[in-house]
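Generate coordinates for the entire structure from the input sequences, incorporating the hints supplied.
Heads up: the sequence lines are chains D, R and Z, in that order. Per the working numbering, the very first residue in the first sequence carries number 1; after that it's consecutive. Per the working numbering, the very first residue in the second sequence carries number 174; after that it's consecutive. Per the working numbering, the very first residue in the third sequence carries number 841; after that it's consecutive.
Keep in mind that a hint or two might mislead.
Below, computed lysine-lysine pairings styled on PhoX-like, alpha-carbon distance capped at 20 Å [unchecked claim]:
no.: 1; chain 1: R; residue 1: K553; chain 2: Z; residue 2: K939
no.: 2; chain 1: Z; residue 1: K961; chain 2: R; residue 2: K553
no.: 3; chain 1: Z; residue 1: K864; chain 2: R; residue 2: K555
no.: 4; chain 1: R; residue 1: K741; chain 2: R; residue 2: K708
no.: 5; chain 1: R; residue 1: K370; chain 2: R; residue 2: K555
no.: 6; chain 1: Z; residue 1: K928; chain 2: D; residue 2: K38
Treat the hints as calculated values from the structure; they're not laboratory data.
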Amino acid sequence: MNRSVLVIGLIIGAVLVTILFSGLGRDPAAIRSPLIGKPAPAFALREVGTNRTVDIAQFKGKPVVLNFWATWCMPCWEEHPVLVANANMLQPNVQFLGVVFQDKEDKILGFLNQRGSSYPTVVDDAGKTAIAYGVGGVPETYFLDANGVIRAKYAGPMSPDILRENLQKAMRQ
Amino acid sequence: MTAPLGRILILASLFAAAAGAFVGFYAGRTRSAVALRLARGFAYAYAAAIAAATLVMVYALLAHDFSVSYVAQVGSRQIPTWVTVVSLWSSLEGSILFWGLVLGVYIAISTFLTRRRYEEYQPDAIGVWLACAAFFSFLIAGPANPFHTVPNPPLDGPGPNALLQNHVLMAIHPPFLYLGYVGMTIPFGFACAALIKGRLGHNVLKPLRVSLMLPWIFQTVAIMLGGWWAYEVLGWGGYWAWDPVENASLLPWLTATAALHSIMVVERRGILKGWTITLIQATFLLTILGTFMTRSGVFNSVHSFTQSAIGPTILVFLAAALLFTVALLAFRIDKLEVEGRIEGAASREALFLVNNLIFVLLTFTVLIGTVFPLIVEAVKGKQMSVGRPYFDSMSVPLGALLLFVLGVGPALPWGRANAAQVKKALLPPLIGALVFVAAGFAFGARTPWTLLTLAFGGYAAQVTLGQMFMPMRQRMKSGDSLGAAFVDGQLRRGRRRFGSYIVHAAVVIVVIAIAISSSMRQQIELHFTKGQTQKAAGYDVTFVGVEERTEPHRISTIGVFNVAKNGKQIARLEPRMNHYQSMREPIGSPDVHSTLLRDVYISLSNVDAANETASITVFIAPFIVWIWLAVIAMALGALFALIPQRRAVILSEAKDPLPTRAEPETV
Amino acid sequence: MTIVLLLLLQLNVPDAAQFVGSPKGAPLAGEALFARTNEVGQLLRCPVCQGMSVADSPAEMAVNMKAQVRELLARGYTEEQILEYFEKSYGEFVLLRPKSRVLWMLPLAALILGAAVVFMKLRKLEQPPPTANRQPPTDDPYLTRVRDLVSGGKQ
Numbered sequence: 001m002n003r004s005v006l007v008i009g010l011i012i013g014a015v016l017v018t019i020l021f022s023g024l025g026r027d028p029a030a031i032r033s034p035l036i037g038k039p040a041p042a043f044a045l046r047e048v049g050t051n052r053t054v055d056i057a058q059f060k061g062k063p064v065v066l067n068f069w070a071t072w073c074m075p076c077w078e079e080h081p082v083l084v085a086n087a088n089m090l091q092p093n094v095q096f097l098g099v100v101f102q103d104k105e106d107k108i109l110g111f112l113n114q115r116g117s118s119y120p121t122v123v124d125d126a127g128k129t130a131i132a133y134g135v136g137g138v139p140e141t142y143f144l145d146a147n148g149v150i151r152a153k154y155a156g157p158m159s160p161d162i163l164r165e166n167l168q169k170a171m172r173q
Numbered sequence: 174m175t176a177p178l179g180r181i182l183i184l185a186s187l188f189a190a191a192a193g194a195f196v197g198f199y200a201g202r203t204r205s206a207v208a209l210r211l212a213r214g215f216a217y218a219y220a221a222a223i224a225a226a227t228l229v230m231v232y233a234l235l236a237h238d239f240s241v242s243y244v245a246q247v248g249s250r251q252i253p254t255w256v257t258v259v260s261l262w263s264s265l266e267g268s269i270l271f272w273g274l275v276l277g278v279y280i281a282i283s284t285f286l287t288r289r290r291y292e293e294y295q296p297d298a299i300g301v302w303l304a305c306a307a308f309f310s311f312l313i314a315g316p317a318n319p320f321h322t323v324p325n326p327p328l329d330g331p332g333p334n335a336l337l338q339n340h341v342l343m344a345i346h347p348p349f350l351y352l353g354y355v356g357m358t359i360p361f362g363f364a365c366a367a368l369i370k371g372r373l374g375h376n377v378l379k380p381l382r383v384s385l386m387l388p389w390i391f392q393t394v395a396i397m398l399g400g401w402w403a404y405e406v407l408g409w410g411g412y413w414a415w416d417p418v419e420n421a422s423l424l425p426w427l428t429a430t431a432a433l434h435s436i437m438v439v440e441r442r443g444i445l446k447g448w449t450i451t452l453i454q455a456t457f458l459l460t461i462l463g464t465f466m467t468r469s470g471v472f473n474s475v476h477s478f479t480q481s482a483i484g485p486t487i488l489v490f491l492a493a494a495l496l497f498t499v500a501l502l503a504f505r506i507d508k509l510e511v512e513g514r515i516e517g518a519a520s521r522e523a524l525f526l527v528n529n530l531i532f533v534l535l536t537f538t539v540l541i542g543t544v545f546p547l548i549v550e551a552v553k554g555k556q557m558s559v560g561r562p563y564f565d566s567m568s569v570p571l572g573a574l575l576l577f578v579l580g581v582g583p584a585l586p587w588g589r590a591n592a593a594q595v596k597k598a599l600l601p602p603l604i605g606a607l608v609f610v611a612a613g614f615a616f617g618a619r620t621p622w623t624l625l626t627l628a629f630g631g632y633a634a635q636v637t638l639g640q641m642f643m644p645m646r647q648r649m650k651s652g653d654s655l656g657a658a659f660v661d662g663q664l665r666r667g668r669r670r671f672g673s674y675i676v677h678a679a680v681v682i683v684v685i686a687i688a689i690s691s692s693m694r695q696q697i698e699l700h701f702t703k704g705q706t707q708k709a710a711g712y713d714v715t716f717v718g719v720e721e722r723t724e725p726h727r728i729s730t731i732g733v734f735n736v737a738k739n740g741k742q743i744a745r746l747e748p749r750m751n752h753y754q755s756m757r758e759p760i761g762s763p764d765v766h767s768t769l770l771r772d773v774y775i776s777l778s779n780v781d782a783a784n785e786t787a788s789i790t791v792f793i794a795p796f797i798v799w800i801w802l803a804v805i806a807m808a809l810g811a812l813f814a815l816i817p818q819r820r821a822v823i824l825s826e827a828k829d830p831l832p833t834r835a836e837p838e839t840v
Numbered sequence: 841m842t843i844v845l846l847l848l849l850q851l852n853v854p855d856a857a858q859f860v861g862s863p864k865g866a867p868l869a870g871e872a873l874f875a876r877t878n879e880v881g882q883l884l885r886c887p888v889c890q891g892m893s894v895a896d897s898p899a900e901m902a903v904n905m906k907a908q909v910r911e912l913l914a915r916g917y918t919e920e921q922i923l924e925y926f927e928k929s930y931g932e933f934v935l936l937r938p939k940s941r942v943l944w945m946l947p948l949a950a951l952i953l954g955a956a957v958v959f960m961k962l963r964k965l966e967q968p969p970p971t972a973n974r975q976p977p978t979d980d981p982y983l984t985r986v987r988d989l990v991s992g993g994k995q
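Here it is as structure tokens:
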């Protein structure tokens with residue numbers, strides 16, 4: 001019996017199978033944010049349709065649900081009512097804030113007028129805020145705790161359960 | 174009625190395969206002729222059952238029988254008929270059924286063709302083939318069942334993935350892929366049989382070689398078709414992105430190519446038997462790894478199917494196959510006789526070893542790059558990426574080295590060569606190297622890697638042409654006319670040699686074409702308003718306007734462009750943005766004007782129908798078409814090499830005068 | 841106009857400067873800027889596409905990121921700084937050229953190991969085969985009998 005063949009073969013085989021096995025059950029497209037546990041990047045952006053500035057720092061003291069979206073994104077249409085309803089329920093103890101980028105002012109206003117809005121929506125014209133937050137696509141939602149530290153991030157349309165689950169992470173601090 | 178019928182046929186195929194595997198191995202141990210005949214019968218039965226099941230599925234698709242779960246998943250009354258046929262392999266369950274079909278056909282043909290002269294190896298080979306077949310039938314019967322009965326069949330279905338209906342290449346790329354990958358099961362069976370017998374004699378080398386070569390041809394074409402499809406459809410101007418599934422298709426091809434070369438050393442010298450068998454085993458195992466990578470959802474890829482129970486099942490089979498192979502190798506590899514030796518380091522045999530080393534290194538690098546993110550995530554919990562920059566940095570030097578060996582290897586003679594012979598063999602092709610570099614330089618190539626590739630390519634081209642026509646030249650020296658010498662030396666005899674050197678020549682063209690088209694590619698971004706003309710690398714591009722086309726599954730916004738050079742219109746290109754209902758992002762579809770000299774490729778990045786503006790990227794790349802054409806030449810050359818030598822021809826040659834110098838029949 | 845707005849509204853848009861400091865290189869423009877944007881864009885992964893680079897991908901976010909790369913290059917940021925900025929917000933996932941030194945060394949180690957194996961194998965194969973001209977073993981009774989007859993029972 002050729003011992004070296006046996007040993008080398010078994011080692012390669014075992015390592016390969018273990019690596020592949022470890023990948024099962026994980027979603028390769030779910031990217032974890034490196035900003036979790038770190039202070040949310042500061043920004044102050046213009047509220048859509050107005051000349052007012054909304055600064056995220058002004059919400060310190062309560063948890064914030066920060067939702068990045070756009071009017072051209074189908075899943076954003078689906079999640080909007082969930083956000084509006086929850087905002088109505090939870091504000092002013094929890095602050096909701098929407099950020100739209102790569103979109104047109106009139107389209108955003110039209111969307112909000114049609115579908116309702118219960119929290120401020122700001123415009124990130126050059127998309128730099130999205131980059132600073134590591135937004136890959138829309139919709140993505142960040143959950144900040146009362147100290148302005150990011151505690152959770154969810155990529156995809158919000159559902160009431162997901163919202164509740166992630167908000168709990170932000171409220172635990 | 175249809176679904177249960179399909180189900181029964183699948184279960185029948187599972188039974189035939191499982192029983193046949195047992196009987197095959199039993200026949201191998203007891204050498205019972207009855208058992209062998211029974212095993213053969215089971216092999217044919219498996220093929221018949223799975224073919225029947227596939228026919229049932231095709232019938233169900235064409236008849237829009239939505240009571241069959243797979244038809245309900247991918248069928249649709251709205252799509253054209255060719256898309257309905259293609260949908261057989263478009264989705265996970267159907268694709269595994271298709272795998273079973275291809276395997277059945279291969280097993281039946283291989284059993285039939287080896288029934289007379291290879292009785293020593295056939296039982297164990299059949300055992301191995303049918304064991305693999307049983308696994309796939311088990312998958313189709315269980316986790317990947319396409320024949321569930323739908324209780325309340327819908328009136329219509331969603332149709333296959335919209336992306337797959339875009340281009341006709343989608344219809345032929347998967348079948349070629351399957352014919353390539355599934356086919357590797359056959360040489361695996363022969364290799365296992367050789368190990369079990371403890372003998373890799375000359376009588377099993379021929380089926381081993383032929384059963385390795387034919388799937389290799391399909392693999393080669395399949396990989397090229399995949400690249401061509403990506404180029405024509407995806408819009409980023411490239412054809413290979415080192416995507417995990419692309420890598421999965423490349424890995425078995427690399428080891429198979431290495432095996433095709435080392436098998437020649439086995440034939441000539443009777444050495445490297447164990448190594449060749451290891452390469453063939455590795456090729457099969459890599460095809461199973463490849464199917465795992467594509468279907469398990471573990472890897473982030475454009476091609477991935479979603480995760481399901483199939484992933485773990487395939488992993489278990491892979492683990493079992495690995496264990497079986499390693500054990501078989503460990504216990505039997507030392508039985509394989511070393512019959513000869515290598516005469517010296519400056520010989521063709523030694524260069525074959527270098528060839529194998531490079532291919533194995535390439536395989537290792539691509540594999541490690543693909544699985545490394547998994548390792549890091551398992552060990553450190555962090556996510557990282559290994560992308561094109563890594564793979565390109567590794568593959569370019571190795572590819573250049575391979576091209577070098579492709580030139581130097583065939584230049585050297587078999588066996589011992591003294592210093593004078595080596596010099597005589599290795600120096601003249603330097604002229605070819607210089608000619609190619611000069612031509613490339615004149616054409617505009619300036620990058621060091623490209624010029625180096627041209628040098629190696631020119632060297633290899635001269636060597637290849639010289640070796641390719643050696644039989645013809647020798648016949649002419651002994652008095653034959655050019656025509657007779659060509660027909661006799663190249664076409665009637667020496668087909669294997671001629672075909673193989675055609676493959677090599679084509680490889681030189683492919684590598685040079687890849688090098689030049691990448692390094693001399695020009696990329697220009699332009700913004701247009703309607704009617705505007707702008708210059709791009711010597712071409713005049715005019716934005717004619719925007720068209721919108723609505724189809725049942727998508728809305729296309731098309732930018733119409735005229736491309737002209739020196740006042741003469743060359744092409745009307747219509748790149749588009751396709752908005753599919755099911756996709757989050759629009760998918761751009763480019764338009765290409767291809768000539769032998771260069772491609773003009775326009776990709777739409779932004780189009781505004783209301784304001785009639787468009788932003789495009791124009792790619793001008795030379796010699797792209799040569800990549801596709803040369804790979805087809807590779808396939809044709811290899812097919813030509815496979816055409817069997819008729820025994821009558823060999824007998825009749827005994828009457829002809831022999832040429833004065835011994836003429837090498839094999840490469 | 842933007843400056844006026846900025847002044848009026850006291851906007852604060854997050855910027856690379858907060859993450860990686862001030863630019864360390866020379867600002868680029870024109871052809872050089874276009875070429876470098878492409879090069880650096882090839883090193884960043886589009887977060888939503890499967891494996892495509894930011895330079896090649898048509899996705900909105902990728903286009904956005906590429907524009908940001910162009911702006912930063914124009915301001916004089918180096919490739920290193922730009923990659924660091926994106927790594928801070930997206931994670932190491934976004935770098936297409938892996939940082940791991942192990943990964944880059946492995947093929948080299950394999951090359952050295954492989955070359956050593958080939959060298960040793962060549963040396964071993966240059967020896968004459970252990971039993972030249974010996975007939976392969978067989979357990980076939982008929983073949984054994986034939987051999988016995990042919991070799992005159994000498995075997």
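These are the hints, each one checked on the structure:
| no. | hint | result |
| --- | --- | --- |
| 1 | K553(R) - K939(Z) | 14 Å, holds |
| 2 | K961(Z) - K553(R) | 38 Å, violated |
| 3 | K864(Z) - K555(R) | 29 Å, violated |
| 4 | K741(R) - K708(R) | 14 Å, holds |
| 5 | K370(R) - K555(R) | 48 Å, violated |
| 6 | K928(Z) - K38(D) | 11 Å, holds |
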